[in-house]
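Student: Protein chains in written order, with the numbering used here: chain B, 1 to 158; chain H, 1 to 799.
Hint data in this document are derived by calculation from the structure and do not stem from the laboratory.
There's no promise every hint is true.
As a list, the in silico EDC-like pairs of lysine to aspartate or glutamate whose alpha-carbon atoms are at most 16 Å apart [claimed, not checked]:
hint, chain 1, residue 1, chain 2, residue 2
1, H, K270, H, E350
2, H, K19, B, E76
3, H, K565, H, D579
4, H, K438, H, D390
5, H, K561, H, E644
6, H, K15, B, D90
7, H, K397, H, D305
8, H, K450, H, D305
9, H, K19, B, E18
Just a sample of chain H residues kept apart from chain B, beta carbon distances all over 12 Å, derived [stated by the list, open to error]:
hint, residue
10, E121
11, L413
12, Q505
By construction, the Cβ of each residue, glycine as well, lies at the ideal position given by its N, Cα and C atoms.
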Amino acid sequence: MTQISVTVNGTTHTADVEPRTLLVYFLREHLDLTGTNVGCDTSSCGTCTVHVDGEAVKSCTMLAVQADGREVTTIEAMAAADGTMHPLQDAFHRNHGLQCGYCTPGMIMAAASYLRENPSPTEEEIRGSLEGNLCRCTGYQNIVASIIDAAGVMAGKG
Amino acid sequence: MATTEQYIGQRLLRKEDAKLLAGEGSYIDNQSMAGMVWMALVRPPFVHATIEAVDTAAAAAMPGVVAAYSAADLQGEWAAGLPMVWPNTEDIKVPTHYPLAADKVRFAGDAVAVVVAATREQAEDAAEAVSVRASALPAVIDLEDAASDRVVIHEDLGTNKVTHWSHGGAGDQNVFDTAPVIVQERYTQPRLIPNAIEARGCLAYGSPAAGEFTLVSATQIPHIARVGHSIATGIPQNKLRIIAPDVGGGFGSKLNVYAEEALALALARKLNRPVKWIETRSENYVATIHGRGTLHDCTLAGTEDGKILGMKFVELADMGAYFQLLTPGIPELGGWVYMGPYDIQAYWYEYTGVMTNATPTDAYRGAGRPEATFVVERLVDAFARRIGMDPVELRRKNLHPPFTEATASICGLSVDSGNYEPALDRAIELADYAQFRKEQTARRANGDGKQIGIGVSSYIEMCGLAPSNILGALRYVAGGWDGAEIECRPFGKVVVRTGTSPHGQGHETAWAQIVADGLGVTPDDVEVLHGDTSVSRIGMDTYGSRSVSVGGEALRRAVEKVREKARKIAAHELEVSEDDLEWTDGAFRVKGAPDKARTIPDIATSAWHAHSLPADVEPVLEGTAVFDPPNFTWPGGTHICVVEVDTDTGKTDIVRYVAVDDCGNVINPMIVDGQVHGGVAQGIAEALYEEAIYDESGNLASGNMTQYLVPSATEIPAMLLDRTVTPSTTNGLGVKGIGEAGTIAAPPAVVNAVIDAVSHLGVTHVAKPATPERVWRAIQDAKAKGSPEATPGSQGGAA
Chain B
1 MTQISVTVNG TTHTADVEPR TLLVYFLREH LDLTGTNVGC DTSSCGTCTV
51 HVDGEAVKSC TMLAVQADGR EVTTIEAMAA ADGTMHPLQD AFHRNHGLQC
101 GYCTPGMIMA AASYLRENPS PTEEEIRGSL EGNLCRCTGY QNIVASIIDA
151 AGVMAGKG
Chain H
1 MATTEQYIGQ RLLRKEDAKL LAGEGSYIDN QSMAGMVWMA LVRPPFVHAT
51 IEAVDTAAAA AMPGVVAAYS AADLQGEWAA GLPMVWPNTE DIKVPTHYPL
101 AADKVRFAGD AVAVVVAATR EQAEDAAEAV SVRASALPAV IDLEDAASDR
151 VVIHEDLGTN KVTHWSHGGA GDQNVFDTAP VIVQERYTQP RLIPNAIEAR
201 GCLAYGSPAA GEFTLVSATQ IPHIARVGHS IATGIPQNKL RIIAPDVGGG
251 FGSKLNVYAE EALALALARK LNRPVKWIET RSENYVATIH GRGTLHDCTL
301 AGTEDGKILG MKFVELADMG AYFQLLTPGI PELGGWVYMG PYDIQAYWYE
351 YTGVMTNATP TDAYRGAGRP EATFVVERLV DAFARRIGMD PVELRRKNLH
401 PPFTEATASI CGLSVDSGNY EPALDRAIEL ADYAQFRKEQ TARRANGDGK
451 QIGIGVSSYI EMCGLAPSNI LGALRYVAGG WDGAEIECRP FGKVVVRTGT
501 SPHGQGHETA WAQIVADGLG VTPDDVEVLH GDTSVSRIGM DTYGSRSVSV
551 GGEALRRAVE KVREKARKIA AHELEVSEDD LEWTDGAFRV KGAPDKARTI
601 PDIATSAWHA HSLPADVEPV LEGTAVFDPP NFTWPGGTHI CVVEVDTDTG
651 KTDIVRYVAV DDCGNVINPM IVDGQVHGGV AQGIAEALYE EAIYDESGNL
701 ASGNMTQYLV PSATEIPAML LDRTVTPSTT NGLGVKGIGE AGTIAAPPAV
751 VNAVIDAVSH LGVTHVAKPA TPERVWRAIQ DAKAKGSPEA TPGSQGGAA
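Construct the entire structure; sequences and hints are all you get.
Tutor: If you want it as structure tokens, here you go:
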């Protein structure tokens, strides 16, 4: 067991973990943050995307011990404290950007990170930014529309 | 009775979204219980082998391990094998199929032992410590190889050819010998791996003392699974509850009664502990059903001027190593749409189901109908090339004339309604067909390195599964009805219990729209409960684009029953006769005195306190209906794909994709469009990317997401959608279903486009998926044979 200290959604957690524990299972099973889903075992699907120090990371590609001392943000912290949805969550709702919802947290985390990098992307750039996130329900059309919509809303606010 | 339609047909945002967007979904891996243990399976070392010994002793001694069992240890747990419910012919040969393999393993997912431990990791570690001694047998994966019986997979059956079903044909079969033009083609369709983004998983728990058990499972079919697992485990149905929580995609891969679910139930009973199992993605690739896996020999009989006289198909279909729930019936589901939307005079279809050493196949995204539509639409294009006719004009010439009442079809069933030409016209318009043909001609003339291809796919579906009497005639052992219960709570809220089991399709929203219009409340007043056999008692679940046309219609009928009861109470309270009331603006109003009115919330409250009800009316305002459809529903439409193929590399880019579908009346157009988007994406994937590949030993070489190309947003283009509306005559809503249209229509549109792009080089065939390598090789082969001169404006291609 190795002791780690990770700040997740603003709260610092100190825990003993097995060195082989993946960050995603640390989040899900040690901290009960089950909003981050797991879709594969080859880091292909992007379902488990979270932010580590503000960057999108597939949390199955990282060991919990590698997150020691870092800041992690998950889907649970995207809405405001009063429950108001993040513009991406709201845009996914308004544009039917989700069906079964399983890939959605990863899509939103990936998009949030990308929009910080590129606040007014083209459709093609958005599609490129989602290359590591798989969805089987939506054909991506409304996911892309949701992100374009959210980018507009966020730019308006900025 | 006049109805105010406020919500049906509207783009209402989904009620489902809030919790899923917040990360609060109840997916199976988010569930745990006190005392819970984890199950892991020991998959076999070979795909076909005789098991000599399974030793669980070392595993049992590992940290945290509660138990480790081989097949022999658990044989007493089973009342029967895993069920298959579609013994489609009298002489079908059905292999024995228990949750663990005892004497032989027959495919890569055929588990030989199971381990239970305190944690997920301990269970996986211990599974690796189980020692399996097995001697490998030759494996058969290729369909014709398997059909030769060189290696027989189930010795007791004596052959791999386990079922042969013939439609029996219709019309004058002589045309296949005597027609002026005979086109013969052979098409293979590789296996597909479903890849719902959530793999499978379950949690079983209960009370051995009471004999009561609950299975929470990522399933599409809680109601059917209750019957199936009761048969396998011997837990009586009245003691077995199945719960489908939020489910992360199904696509048919969760339309089954799986070994792991039965094992979890049996172990919960044996160990008196909650038992949880979560499938890994790599496990999912071999242990969850596959789709497709077919070889079709096709014949089209036609005239020189482009009239299709008849079509004939003889198919070998890959069953895999065992029958799962519906396996032998899947090709047969396609067996009724081999005429496509065309008015033809002769029909033949037959198939032979063949066992192979691969994962069992079963219903996957369209189930039989994509396989049928692909070969029909490839064959129609081959005919167009043969006679040098524009593929759109050829289709137009052959489309069935419009009909608005149920009409007998050459396939032998009655089609509910159909009007196919408007969809073709609209698709041509949206696709800029004429403009792209000009562009194609110009690029051909220039010898451009990137050639334009246009592919057309006109289709018909058979959805709304299913009329129970027809299912019975087809030897399916269950019915095809569905149920709905409406409970009007006092003060205005409504609870709906539906027998459908959505997993992304938006029933909570669409069903609320139906009820809101029918009862004069808002969708926010309506809560739709589903996916739990103890909550929605009467159900037949979600698959086969059936939910709205069967379950939605049951709900519409339940609404009518509620209103019938409410009318009695309203008449009593308003002191008028029932005939003096009319339902208008969301209330029962006295004719001529509309201010004298009772709303459903008013009546629900009166019916609940029951202080003064008419003598013949029971308390509580509720209504239940079960609907058995008198017919299938038959959507149709046309999809057009425009591609650009790089003739140097064989790479295909989709330039435009147009889908014009007719799913009858629409409850929520936003949800309908979303269903089409997802289906088309899968169809494009099937056409260009996805394929299960096996090595010479029968191992799945494309065994995970790094080797099997599930397309991302960069591979899938934006799509242009439109609809035509031909209401169904099968149900009162006039709906037909839309869940599978894209998956059915898209593959031939895309492959036809790829071939069209290089047909002037002499290419007439590219196998699916049309990978850059396959396209490049087809071009090289055509060049080696000597290509015909490119003729501007012609469809090109060798006969």
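Student: None of the hints should be skipped; say for each whether it holds.
Tutor: How the hints compare with the structure:
The hinted pair formed by K270 of chain H and E350 of chain H fails the criterion: a straight-line CA distance of about 45 Å is larger than 16 Å. Between the alpha carbons of K19 of chain H and E76 of chain B the distance comes to roughly 11 Å, so the proposed pair stays at or under 16 Å and holds. A distance of roughly 14 Å separates the Cα atoms of K565 of chain H and D579 of chain H; the hinted pair therefore holds under the 16 Å criterion. Under the criterion of a C-alpha separation no larger than 16 Å, the hint pairing K438 of chain H with D390 of chain H is consistent with the structure, at around 13 Å.
With a C-alpha separation of about 56 Å, the suggested pairing of K561 of chain H with E644 of chain H is violated against the 16 Å cut-off. Among the hinted pairs, K15 of chain H with D90 of chain B is consistent with the structure: their alpha-carbon atoms are about 13 Å apart, no more than 16 Å. Between K397 of chain H and D305 of chain H the alpha-carbon distance is near 10 Å, which keeps this suggested pair within the 16 Å criterion. Restraint check for K450 of chain H and D305 of chain H: not satisfied, since their Cα atoms lie roughly 32 Å apart, outside the 16 Å limit.
With a C-alpha separation of about 31 Å, the suggested pair K19 of chain H and E18 of chain B falls outside the 16 Å cut-off, and the hint is violated. Once the 12 Å rule is applied to beta carbons, E121 of chain H is inconsistent with being away from chain B; the minimum gap is 7 Å. At roughly 30 Å, the least C-beta separation between L413 of chain H and chain B is larger than 12 Å, which holds for a residue marked as non-interface. For Q505 of chain H, the requirement that its beta carbon stay farther than 12 Å from each beta carbon of chain B is not met, with the minimum near 7 Å.
Checked against the numbered hints above, the structure violates hints 1, 5, 8, 9, 10, 12; every other hint is satisfied.
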